[in-house]
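Trainee: So the sequences go chain by chain: A and B. Using my numbering, you'd call the opening residue of the first sequence number 5 and step up by one each time. Using my numbering, you'd call the opening residue of the second sequence number 36 and step up by one each time.
Everything labelled a hint here was simulated from the structure, so no lab data went into it. Check before you lean on any hint, since a few could be wrong.
Said to hold, decoys possible - If you want the ones that stay clear, here's a sample from chain A, every Cβ over 12 angstroms from chain B, calculated: (1) L47; (2) A111; (3) R160; (4) D215; (5) N226; (6) F274.
Claimed, not checked - Covered stretches of chain A, as calculated for chain B (at least 3 residues, CB under 8 angstroms): (7) 22-30; (8) 100-109; (9) 139-151; (10) 264-273.
Positions of the beta carbon are idealized from the N, C-alpha and C atoms, including for glycine.
As a plain string of letters, each chain reads:
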Amino acid sequence: MNILDAIISQYIDPYYLRIMILIGINIILALGINLITGVTGQLTMGHAGFMSIGAYTSAILSMQFGFSYVLALLAGAVMAALFGIIIGIPTLRLDGDYLAMVTIGAAEIIRVFFLNFEPGGKAVGLAGIPQHTTFMTVWVVALIVILFNARLLNSRIGRAFYAIRENEIAAAASAIDTTRMKILAFMVGAFLGGLGGGLYAHYMYYINPQDFGFMKSIELLNMVVLGGMGSIPGTILGACILTLAPELLRIVAEYRLLFYGALLVILMIFRPNGLLGDVRIYDLRKRWGKKEVESCQS
Amino acid sequence: MFWEQLLNGLTLGSTYALIALGYTMVYGIVQLINFAHGEIYMFGAFAGLFLVSFCGVNIVLALLGAMAFCMLLGMLIERIAYRPLRGKSSRLSALISAIGVSIFLSTLMVLLAETNTRRYPDVVPNHSFHLGSLDFSLMQIIILLFSAVLMVGLQLMVQKTRIGKAMRACSQDLDAAYLMGINVNRVISFTFAVGSALAAAGGVMVAIYYNAVWPYMGTMAGLKAFSAAVLGGIGSIPGAMIGGLSLGVLEIMGVAYLSSSYKDAIAFGILILVLLIRPQGLLGQKISKKV
């Protein structure tokens with residue numbers, strides 16, 4: 005892998021390499037949200053909170069406790085998954101916008117916690133994280149995550165997730181343990197969030213609580229909604245578009261965010277279900293080029 | 036000390052309540068979290084500032100002007116960004132559209148006014164009053180009184196007038212209201228206008244009270260007000276008032292007696308605790324799901 009990295013960094017411009025690495029990280033993060041919001045239908049608007057837990061945990065472990073890169077990443081992801089379970093528990097009683105508010109609130113509390121967290125450098129942030137994340141590591145992890153997601157959604161558990169989104173009462177009546185499944189979705193989604201956060205921290209060299217604010221969560225959620233809820237190819241496409249968009253919009257300089265906002269509105273008006281709503285990898289392989297892809301949604 | 040903090044909390048809380056009313060009214064009718072609402076509040080504060088410092092009008096006129104401007108802005112946003120989506124798409128895509136509007140508006144204001152913090156000229160004399168050991172300023176009284184007037188007025192409008200009746204009908208069942216001959220689009224437009232005017236009033240008063248106006252002031256205020264609306268039970272107008280006031284008081288008390296560095300965490304922590312105990316908010320109705 006090191007050799008491949010050396011070759012790649014020799015032939016590809018560092019600017020493009022950076023964008024491609026960020027796309028890989030965003031795919032991992034967005035797939036986590038897709039699992040919770042797109043597939044299971046539980047609106048989460050605080051994914052940046054999970055990301056920051058993964059980022060800080062892995063950064064501190066590898067800087068101060070000498071953990072190896074892989075071990076630090078895994079520890080960060082497991083830590084985030086634990087928080088995912090804690091935040092998943094309110095889903096037993098809440099749904100829709102109330103749940104969204106709880107996830108926003110939890111992410112804000114996590115952010116304020118890191119703003120006052122001594123080992124994390126408080127508001128100044130944490131600098132000097134070893135830069136282990138390379139193009140190859142990101143994309144190998146991203147591929148594993150994509151394959152894992154595809155297998156998961158095609159399994160018994162994945163179908164249970166879809167069933168909960170479509171109709172929770174009907175799902176429960178069909179002997180699906182909705183409580184356990186919802187917590188599981190939150191746990192796996194948070195795990196991916198923590199993993200992405202760890203990769204991000206070890207790429208960026210410097211992290212700060214402000215990197216993981218409300219707007220970051222929204223940016224990640226946009227990728228899923230724009231690409232197509234519940235669809236892995238859609239989420240990947242959304243992550244690519246929304247990572248590239250700010251870069252491509254650099255030509256309009258300071259009007260960049262103005263266009264970005266307008267773009268979101270226009271896309272939602274013309275493609276309200278996202279670009280590839282509910283299209284599965286399986287559908288693409290089987291029916292590519294044929295008539296309109298049949299969605300698994302009723 | 037305690038009473039003074041209570042008064043500060045009520046002042047802050049009544050501005051939260053004014054913003055929360057816009058969230059809750061819109062939500063009650065179209066089930067949309069209007070994420071651009073915080074930005075409307077920010078635009079209101081800037082419109083007031085513009086009227087005071089460039090047009091030289093007095094503060095009462097500036098406040099009314101800002102409210103009128105935001106009414107138009109709210110209706111315009113509804114027309115452009117939400118109405119085309121209504122009925123044919125999921126609520127989540129409307130939410131993303133609202134987020135797009137919010138990003139658009141805050142960037143627009145950054146381009147128009149730059150990011151630095153601006154101040155209102157001295158429009159309200161800095162009198163302070165004493166009542167026993169209690170100290171309070173003129174601005175606090177103005178905020179409390181004017182918010183109370185607006186809230187009572189809103190409640191009267193919703194309960195007593197024809198359009199208020201139409202709003203209540205729409206919040207019960209949009210389709211049925213449409214079949215009864217209510218012009219649903221006009222009612223929704225009106226709701227956005229009223230909510231935006233209240234937010235603008237809140238924006239101008241907060242800007243004078245804290246002596247600061249900046250393009251990103253809407254984000255945190257919007258989040259807090261939304262959590263106030265959820266705390267009171269989203270969709271319920273008295274709920275938004277109670278939620279706003281109690282969130283303001285609890286936040287000020289938390290800062291005074293616990294820790295100021297956890298200011299933002301306190302509001303959200305309380306919200307999560309309340310929702311865990313009462314998932315439908317303080318005054319919300321529990322809607323049982325039908326199969």
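Trainee: Decide, hint by hint, whether the structure agrees.
Mentor: Hint check results:
1. Remark: the non-interface label on L47(A) conflicts with the geometry, its nearest Cβ contact in chain B lying 7 angstroms away (cut-off 12 angstroms).
2. For A111(A), the shortest C-beta to C-beta distance to chain B comes to about 9 angstroms, within the 12 angstroms cut-off, and the non-interface label is violated.
3. Its beta-carbon lying about 23 angstroms from the closest one in chain B, R160(A) satisfies the requirement of being farther than 12 angstroms from that chain.
4. No Cβ of chain B approaches the Cβ of D215(A) within 12 angstroms, the least distance being about 16 angstroms, so the stated non-interface status holds.
5. Distance check for N226(A) against chain B: the nearest CB is about 6 angstroms away, which does not clear 12 angstroms, and the non-interface claim fails.
6. In this structure F274(A) is not separated from chain B by more than 12 angstroms, as the shortest Cβ-Cβ distance comes to only about 9 angstroms.
7. With a cut-off of 8 angstroms between beta carbons, the stretch 22-30 of chain A has 0 residues touching chain B; three or more are needed, and the interface restraint is violated.
8. Under a criterion of three residues with beta carbons nearer than 8 angstroms to beta carbons of chain B, the stated coverage of the stretch 100-109 of chain A is upheld, 7 such residues being counted.
9. Counting residues of the stretch 139-151 of chain A whose C-beta lies closer than 8 angstroms to any C-beta of chain B gives 0; at least three are required, and the coverage claim is violated.
10. Counting residues of the stretch 264-273 of chain A whose beta carbon lies closer than 8 angstroms to any beta carbon of chain B gives 8, which reaches the threshold of three, so the coverage claim holds.
Hint check: violations occur at hints 1, 2, 5, 6, 7 and 9; the rest are consistent with the structure.
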